[in-house]
Amino acid sequence: LLGDRISVVAVALGPKPGRAEMNVSGRDDSSSLLAIGKRQEQEFPGTGTDHTIEVPVSTLDDETYRPLARPALLKMDVQGFELDALRGATATLEEVDVALIECSFVELYEGQALAGEVVNFMTEAGFTLDGVYEIAYSADGSAVQGDFLFRRA
365 LLGDRISVVA VALGPKPGRA EMNVSGRDDS SSLLAIGKRQ EQEFPGTGTD
415 HTIEVPVSTL DDETYRPLAR PALLKMDVQG FELDALRGAT ATLEEVDVAL
465 IECSFVELYE GQALAGEVVN FMTEAGFTLD GVYEIAYSAD GSAVQGDFLF
515 RRA
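In terms of the working numbering, the sequence shown is residues 365 to 517.
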């Protein structure tokens with residue numbers, strides 16, 4: 365359908381290029397450059413670290429072809445590493461109109477930035493928070509994470 369308009373690049377995204385250890389989860393949707401926390405395993409069984417691998421790290425700015433076609437949507441879900449990946453996307457963000465970013469209200473990965481820090485970063489980058497969707501709740505009813513929708517201010 366999209367042919368040569370899509371390319372797959374086998375790198376992790378971060379604030380700067382390099383190499384890093386990735387914590388590979390027992391589930392396909394939970395591996396992270398950050399250590400998987402106890403709360404992650406508690407909320408989402410089977411997501412503990414199975415093994416680690418060394419991976420190349422790049423920035424979104426280095427991997428994105430610009431200028432972007434408009435309107436431009438950025439979807440980011442990088443298992444607790446959102447703020448670090450956004451720090452490597454400052455030029456790309458200047459061309460983004462809407463961003464949908466998974467953010468956590470509680471620490472699921474060790475040392476991760478929580479939702480408030482990501483909201484502050486995006487606000488400083490010229491976006492406003494438009495809503496929070498697909499909220500995952502803990503068994504006690506407290507919010508764990510959600511998809512935060514930002515639009516260019």
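Misleading hints may appear alongside valid ones.
[To be verified] In the DSSO-like style, the derived pairs of lysine-lysine whose C-alpha atoms are separated by at most 30 Å in a straight line are:
id : residue 1 : residue 2
1  : K439      : K380
2  : K402      : K380
3  : K402      : K439
[What the hints assert, rightly or not] Here are the computed distance ranges between Cβ atoms for each label pair:
id : residue 1 : residue 2 : range
4  : A455      : G382      : 27 to 35 Å
5  : Q406      : R516      : 20 to 28 Å
6  : D414      : E488      : 35 to 43 Å
7  : P431      : V373      : 17 to 25 Å
8  : A374      : R430      : 16 to 24 Å
9  : D393      : G475      : 34 to 42 Å
10 : R434      : T454      : 17 to 25 Å
11 : R515      : V373      : 25 to 33 Å
Worth flagging that the hints you see were computed from the coordinates, not collected in a lab.
Using N, Cα and C, we set each Cβ at its ideal position, and we do this for glycine too.
Each hint tested on the structure:
With a CA separation close to 19 Å, the supplied pair K439 and K380 stays within the 30 Å bound. For the hint pairing K402 with K380, the CA-to-CA distance comes to about 28 Å; that is within 30 Å, so the pair holds. A C-alpha spacing of about 26 Å is found between K402 and K439, which places the hinted pair at or below 30 Å, so the restraint holds. Between A455 and G382 the Cβ separation comes to about 19 Å, which falls outside the hinted range of 27 to 35 Å.
With their beta carbons about 37 Å apart, Q406 and R516 fall outside the hinted range of 20 to 28 Å. For the pair D414 and E488, the supplied restraint of 35 to 43 Å holds, since their beta-carbon distance comes to about 37 Å. For P431 paired with V373, a C-beta distance near 19 Å keeps the hint of 17 to 25 Å intact. Between A374 and R430 the C-beta distance comes to about 21 Å, which sits within the given range of 16 to 24 Å.
The hinted range of 34 to 42 Å is not satisfied by D393 and G475, whose Cβ atoms lie roughly 20 Å apart. Look at R434 against T454: about 18 Å separates their beta carbons, and that is inside 17 to 25 Å. Between R515 and V373, the C-beta spacing of about 27 Å keeps the proposed range 25 to 33 Å intact.
Of the numbered hints listed earlier, those contradicted by the structure are 4, 5 and 9.
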